[in-house]
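K.L.:
Each protein sequence line maps, in turn, to chains U and R.
The first sequence begins at 1 in my numbering and counts up one residue at a time.
The second sequence begins at 1 in my numbering and counts up one residue at a time.
No lab work stands behind these hints: they were computed from the structure.
Straight line, CA to CA, 20 angstroms or less: simulated SDA-like cross-link-like pairs of lysine to any residue:
{"id": "1", "chain 1": "U", "residue 1": "Lys133", "chain 2": "R", "residue 2": "Glu163"}
{"id": "2", "chain 1": "R", "residue 1": "Lys177", "chain 2": "U", "residue 2": "His102"}
{"id": "3", "chain 1": "U", "residue 1": "Lys323", "chain 2": "U", "residue 2": "Gly333"}
{"id": "4", "chain 1": "R", "residue 1": "Lys165", "chain 2": "U", "residue 2": "Asn84"}
{"id": "5", "chain 1": "R", "residue 1": "Lys99", "chain 2": "U", "residue 2": "Glu14"}
{"id": "6", "chain 1": "R", "residue 1": "Lys162", "chain 2": "U", "residue 2": "Pro72"}
{"id": "7", "chain 1": "U", "residue 1": "Lys133", "chain 2": "R", "residue 2": "Thr181"}
{"id": "8", "chain 1": "U", "residue 1": "Lys108", "chain 2": "R", "residue 2": "Gly172"}
{"id": "9", "chain 1": "U", "residue 1": "Lys343", "chain 2": "U", "residue 2": "Glu283"}
{"id": "10", "chain 1": "U", "residue 1": "Lys133", "chain 2": "R", "residue 2": "Pro185"}
{"id": "11", "chain 1": "R", "residue 1": "Lys162", "chain 2": "U", "residue 2": "His90"}
{"id": "12", "chain 1": "U", "residue 1": "Lys131", "chain 2": "R", "residue 2": "Pro185"}
{"id": "13", "chain 1": "U", "residue 1": "Lys212", "chain 2": "U", "residue 2": "Ser350"}
{"id": "14", "chain 1": "R", "residue 1": "Lys99", "chain 2": "U", "residue 2": "Ser12"}
{"id": "15", "chain 1": "U", "residue 1": "Lys246", "chain 2": "U", "residue 2": "Lys343"}
{"id": "16", "chain 1": "U", "residue 1": "Lys212", "chain 2": "U", "residue 2": "Glu14"}
{"id": "17", "chain 1": "R", "residue 1": "Lys165", "chain 2": "U", "residue 2": "Glu94"}
{"id": "18", "chain 1": "U", "residue 1": "Lys131", "chain 2": "R", "residue 2": "Glu163"}
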Amino acid sequence: MKQVELINLSKSYEKQTEVLNEINLSIDEGEFFVLVGPSGSGKSTLLRMIAGLEDITSGVLKINEKVVNHLPPKDRDLSMVFQNYALYPHLSVEQNILFGLHAKKVAKKEQQKRLHETADMMGLGSLLKRKPKQLSGGQRQRVALARSVVSECPLCLMDEPLSNLDAKLRAHMRMEIRRLQKRLGLTMVYVTHDQVEAMTMGDRIMVLNEGKIQQVGDPITLYNEPANLFVASFIGSPKMNMGQAKIEDHHLVIENELKIPLDLTELLKITKNKGLTVGMRAEHIFRGEAEETTHLLEVVNVEQLGNETLLTFEIGKELWTAKWLGQWQVSVGNKVPVNISMKNMSFFDSETGELIKAASTPTNQEVVAI
Amino acid sequence: MRLSLSKKIIFYILLTISAVLIFAPAIIAFLMSFMSSQDILTGKIIPTSLTLDNYIQVFDRSPLLHYLINSFIVSFLIMFGQLILASLAAYAFVFLNFKGRDALFFVFIATMMVPFEASIIPNFQTIRDLGWIDSYQGLSIPFFAMAFGTFLLRQNFKQIPKELKEASEIAGIGDLKFYFTVVLPVAKTSLITLGVYGFLSAWNMYLWPLLATTNDEVRTVQIGLRQLQTQEQLNEWGIIMAGAIIVVLPTLVLLFLGQKKLQQGLAEGALK
Numbered sequence: 001m002k003q004v005e006l007i008n009l010s011k012s013y014e015k016q017t018e019v020l021n022e023i024n025l026s027i028d029e030g031e032f033f034v035l036v037g038p039s040g041s042g043k044s045t046l047l048r049m050i051a052g053l054e055d056i057t058s059g060v061l062k063i064n065e066k067v068v069n070h071l072p073p074k075d076r077d078l079s080m081v082f083q084n085y086a087l088y089p090h091l092s093v094e095q096n097i098l099f100g101l102h103a104k105k106v107a108k109k110e111q112q113k114r115l116h117e118t119a120d121m122m123g124l125g126s127l128l129k130r131k132p133k134q135l136s137g138g139q140r141q142r143v144a145l146a147r148s149v150v151s152e153c154p155l156c157l158m159d160e161p162l163s164n165l166d167a168k169l170r171a172h173m174r175m176e177i178r179r180l181q182k183r184l185g186l187t188m189v190y191v192t193h194d195q196v197e198a199m200t201m202g203d204r205i206m207v208l209n210e211g212k213i214q215q216v217g218d219p220i221t222l223y224n225e226p227a228n229l230f231v232a233s234f235i236g237s238p239k240m241n242m243g244q245a246k247i248e249d250h251h252l253v254i255e256n257e258l259k260i261p262l263d264l265t266e267l268l269k270i271t272k273n274k275g276l277t278v279g280m281r282a283e284h285i286f287r288g289e290a291e292e293t294t295h296l297l298e299v300v301n302v303e304q305l306g307n308e309t310l311l312t313f314e315i316g317k318e319l320w321t322a323k324w325l326g327q328w329q330v331s332v333g334n335k336v337p338v339n340i341s342m343k344n345m346s347f348f349d350s351e352t353g354e355l356i357k358a359a360s361t362p363t364n365q366e367v368v369a370i
Numbered sequence: 001m002r003l004s005l006s007k008k009i010i011f012y013i014l015l016t017i018s019a020v021l022i023f024a025p026a027i028i029a030f031l032m033s034f035m036s037s038q039d040i041l042t043g044k045i046i047p048t049s050l051t052l053d054n055y056i057q058v059f060d061r062s063p064l065l066h067y068l069i070n071s072f073i074v075s076f077l078i079m080f081g082q083l084i085l086a087s088l089a090a091y092a093f094v095f096l097n098f099k100g101r102d103a104l105f106f107v108f109i110a111t112m113m114v115p116f117e118a119s120i121i122p123n124f125q126t127i128r129d130l131g132w133i134d135s136y137q138g139l140s141i142p143f144f145a146m147a148f149g150t151f152l153l154r155q156n157f158k159q160i161p162k163e164l165k166e167a168s169e170i171a172g173i174g175d176l177k178f179y180f181t182v183v184l185p186v187a188k189t190s191l192i193t194l195g196v197y198g199f200l201s202a203w204n205m206y207l208w209p210l211l212a213t214t215n216d217e218v219r220t221v222q223i224g225l226r227q228l229q230t231q232e233q234l235n236e237w238g239i240i241m242a243g244a245i246i247v248v249l250p251t252l253v254l255l256f257l258g259q260k261k262l263q264q265g266l267a268e269g270a271l272k
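Turn these sequences into a full structure, and let the hints guide you.
P.N.:
Dropping the structure here:
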């Protein structure tokens with residue numbers, strides 16, 4: 001069942017600056033849906049429009065099959081978690097959690113029952129009498145989550161809830177939020193600018209840039225088959241290696257530097273030979289074993305991550321990164337043998353940015369379904 | 001800051017002299033209120049004998065107690081009136097969206113440039129036509145609307161994150177409930193500051209109570225104090241000073257209490 005439906009939704013300020021442009025989208029019940037995009041892409045505005053905090057310029061917004069364009073936020077049956085948590089500083093944790101229930105005229109007994117259930121679930125049992133300023137960042141985050149859970153609304157909106165936490169806690173809270181959502185069967189709309197958060201948490205992701213939908217899909221599809229150059233460079237870390245390419249006497253020439261013999265089976269799908277951009281994931285630049293070596297590249301930077309090694313090469317104006325599993329003792333200036341082949345490349349139209357052909361082998365290990 | 005001993009001594013001497021100079025009138029008044037009129041007329045500063053006669057006399061000769069009560073009533077009325085109106089106006093200027101809000105606010109602020117004395121004649125006519133001369137409402141209502149208070153509270157309310165308002169909206173909490181349960185408690189410090197300020201300026205008012213009253217029934221204490229001075233006879237300064245000390249007392253008490261409250265309020269951290 002469709003929980004939220006957006007039909008040609010647009011937002012503009014003073015009828016001039018378009019913030020969101022003809023957004024069409026539907027979010028299913030029980031889905032963890034992530035809106036991701038760089039700052040200023042309109043993702044928060046979209047969330048606030050769903051919440052009812054922002055007016056809709058044109059288009060239709062449906063929640064539970066009902067048009068809610070002009071419904072005030074309280075009648076939309078949703079809860080929201082804000083970036084700065086929006087806890088009431090003068091109220092205790094308990095009062096903060098129960099704040100909304102008074103307004104909804106929930107019986108006292110039921111309030112207490114929900115409070116204790118939620119507090120136990122969130123591990124807040126011993127903190128109920130404290131004030132928000134006496135809590136750590138992670139605890140405040142949990143109170144904000146508890147407030148949203150206790151309302152028992154089927155739809156939960158989150159606006160960058162983890163951006164104020166440190167990296168370690170963020171990774172932990174990511175998992176907690178995800179587990180909570182699955183356990184309670186909530187429909188979640190989650191806004192973030194962090195593509196790692198989007199990849200790890202979302203059932204489906206929508207990439208937004210300058211008010212336009214770039215791509216909607218599950219995380220792996222977005223990673224393997226990015227619809228355009230923007231998605232390709234936005235999703236994945238380290239970011240996809242890109243380069244201008246052209247076809248010259250039976251070779252694919254990237255950035256006027258890297259020459260790769262044409263693979264005819266791959267070529268069939270590429271009809272264009274002008275204005276071509278190639279993209280290649282870092283893990284697809286393999287280390288060249290004896291006869292598989294296609295190129296010798298000079299290393300300009302090495303990053304040791306312990307379990308893997310990132311090597312950076314200079315290809316024309318671009319910097320390309322290779323990700324090799326394991327620890328490799330390479331120093332800057334060394335020439336290393338690599339294997340670069342056309343079958344691992346995605347091809348984009350340089351003018352429109354659209355994908356022409358995705359890489360044929362998504363990962364070096366075949367996708368395993370368990 | 002670390003100072004050498006000689007510098008320290010110089011600073012302390014200078015500070016002591018200026019403190020004495022600034023405080024001298026108050027000290028002299030305080031001492032005079034305990035002196036007999038003989039001592040005062042001979043120009044002594046240090047009393048030869050201490051007496052409470054002046055204090056007894058001042059309550060005997062004039063309805064000072066009645067004036068004090070009047071002053072309390074009027075000052076409290078003005079204080080609460082100002083707090084209610086200023087906080088409601090500030091709430092509208094911060095949390096409600098309406099066309100021309102900012103323009104209206106600037107007009108509002110601009111009224112601060114009009115001194116009260118300039119509006120005293122229209123105010124007087126209004127009060128007179130309403131038949132409010134010699135009444136508490138006539139003394140207090142003209143001071144309820146206060147641009148400064150609205151300005152002060154607006155600045156304070158602006159520091160309340162707008163997410164709090166939005167979270168309330170989603171939870172279904174209306175403006176009035178948000179105002180009472182969130183805005184007022186969070187802005188407690190500023191409300192107390194404004195309350196103390198409003199009370200003190202009302203307590204010290206002289207011109208308006210003089211114009212708006214014709215009998216002793218509702219007169220405030222500042223006028224009562226003026227009445228202790230006479231035109232015909234020789235002034236009994238001891239009695240006048242005793243009256244002045246009594247009038248100053250509530251102000252001082254309020255300041256001390258208010259200060260303590262203020263510090264408490266300030267110590268309470270805001271969000272995050």
